[in-house]
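Chains as they are written, first to last, in our numbering: chain A, 213 to 549; chain B, 285 to 572.
Honestly, the hints are just simulated from the structure, not real lab data.
Some clues are possibly wrong.
Stated by the list, open to error - If we take Cβ atoms under 10 Å as the criterion, some of the chain A residues that face chain B in the derived model are:
id: 1; residue: 335
id: 2; residue: 344
id: 3; residue: 369
id: 4; residue: 400
For glycine and all other residues, C-beta sits at the position ideal for the given N, C-alpha and C.
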Amino acid sequence: MSYISNLMHNRPAIKPGLWILIVLTAAVLLVIPPLSSLTTITLLSRIFILAIFGMSYDILRGYTGIINLGHALFFGGGTYLAGIMFSRMGPTLDVLLLAVAITLAFSAVIAYIMGQFAFRGTGFIGVIACAMITLAFGEIARHTAETLREYTQGADGLTFRVPVIFQDRVMMYYYAFLFMIIMTLILRRFVNSPTGRVMQAIRDNEQRAKFLGYDTKKYKLIALIVAGMASSLAGIMFALLTRFANTELLTVQNTLNALLYTIVGGTGTLYGAIIGTAFVQLAQNYLLELRGIHEIFSRWLLFFGAIYVLVVLYLPKGFVGAYLQFQAKRQSRKKPA
Amino acid sequence: MHIFIMLLINGLAEGALIFLMAAGLSIILGLLGVVNFTHGTLFIWGGYVSIWIFGLTGSFIIALVAAIVAGFAMGLIFERLFVRPVYGNVTAQILITLGLMIVFTDLVRLLWGPNPIPASRPEFMDGTWVIDSVIISQYRIFLIIVGILVAIAINYIVNKTRVGMVMRAGTQSPDMVQALGINIKVYFSGVFAGGAALAALGGALYVPLVGSVWSGMGINNQILAFIVVILGGMGSYYGSAVGSIIIGLTVAMVSWFYPPLTVYATVLLLLLVLTLRPQGLFGLAVRN
């Protein structure tokens, strides 16, 4: 038991420096809208929403040690469900509420089914089988969206209208920011809960958690369901922002986007996803602007893959992880051993 | 009845192609403990390189050889530079091969453009035989023969040669093999590159079958190969052979009667097998 209780008592304390940073960022975010262009505001709104997508992946990869290659199906599923309901039933707030309810139920059920098959093995075989099986699930979702042309418009993508209060870009920016803050608090509460501690024990050593008497499959299922629901909510917000859904949202590439957000920022930190998303989105935007200089800069995926490989090889803990490590080193140097 | 003979041949040909990918994946998984997500990308590169060389030389055989050489070289580079630093860390291996998948799939689009390139079958295999009103495509028979030859070759190498002995021993206990004075890392590189070459050969053979090459064909076939690997039991190449035939026949049958269901049918088959036999048809031949 001591292993788990150790984990429970060593909560990662947030340094005062980080708090200042958080407050500063929040202030800047509230001052930005009146001072900047619509493009910037929309880009920031994107970052807020996608950060939650990344954070939901961090619950899997960073806190439970699961690689889910079909995670985009929750995000894309949320966008599609909201989009289809808006276009069929009209863009009203009631429909939005209904869409949220249906999407949450949908993602919980799908996550449950997916987990039943994906979490059969343990150890390294388990990780590999899980990656392959979730990949197959993700492809099924993409294939379904492509086939159900009547509802999804297939490869052309689905354009729809959203409730009036989400049509103003600046208001949408605030909603997105609020969404990010609320979801971050909820997810933070979740990963610091006793359940979250068991998840981390599974990540560190599944066999040991099992020997301690925990039903590890159950906890993995909980992690997947929570991550799936969070990600599908981000998907709905994305629908409200872009008013468009296409099958790109359901591809492996989109899953890898979420994965990149968390590994660039730092896995197992939750906040890392925000920094990672901002970094990746800003880098993508910046490179697209360089397109005029050389054609190569329009090949975002090349850079995406290169960043990906470099981060995995040389910065496995991401920016936040590297920063915390640097802090810890400085702390230990100050204190006489 | 005629339809079933035709579907049988289609299915076996499809199975032979999947086997080329799945066998490599499975052996790499067994010996190195690495799941290689670049396999689909190597498949695409095999397809594009063969088309390119076929255009230059006009020889199908040279094109196939070029694809194999390209696949082998890429496999060697991937293993040395990217996979080797993360041996033993499954998550990092999955992530890094996924990154390579993205980069090299996009490189294909950069080099050959985003649109599908049409490809024709070599003339000497383009024909069909009509036996008792059953139409048999010569190219599919050729694919089945290649599949059988590769299976026999793998079986011979693994079970009858010294290299195969080291591979089998390495699957059981790589440290012990190393301790006996055999440089297991050379075998790791060789097996990884060999599997890559098989995937590239698969791509080169797939292109004339479907008549064009495009950058999206990798992921579809990679997923089929993954399904086969899990279905057959990870690390068992017998399993991948049997799994390839099962999946090949399923794909051929379902896509004949109702094409949109093909993807669902293969995944459902996988889930069914996993429910009844969680370790796959031929068990776990992998160290745990």
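Would the hint on residue 344 of chain A stand, with a C-beta cut-off of 10 Å toward chain B? Cβ of residue 344 of chain A sits 4 Å from chain B, so the hint holds.
Would the hint on residue 400 of chain A stand, with a C-beta cut-off of 10 Å toward chain B? At 23 Å from the nearest chain B Cβ, residue 400 of chain A fails the 10 Å test, so the hint is violated.
Go through the hint on residue 369 of chain A and say holds or violated, using the shortest Cβ distance to chain B against 10 Å. violated, 17 Å
Restraint satisfaction for residue 335 of chain A [CB to CB of chain B, less than 10 Å]: holds, 5 Å
The structure fails to meet hints 3 and 4 from the earlier list, while all remaining hints are met.
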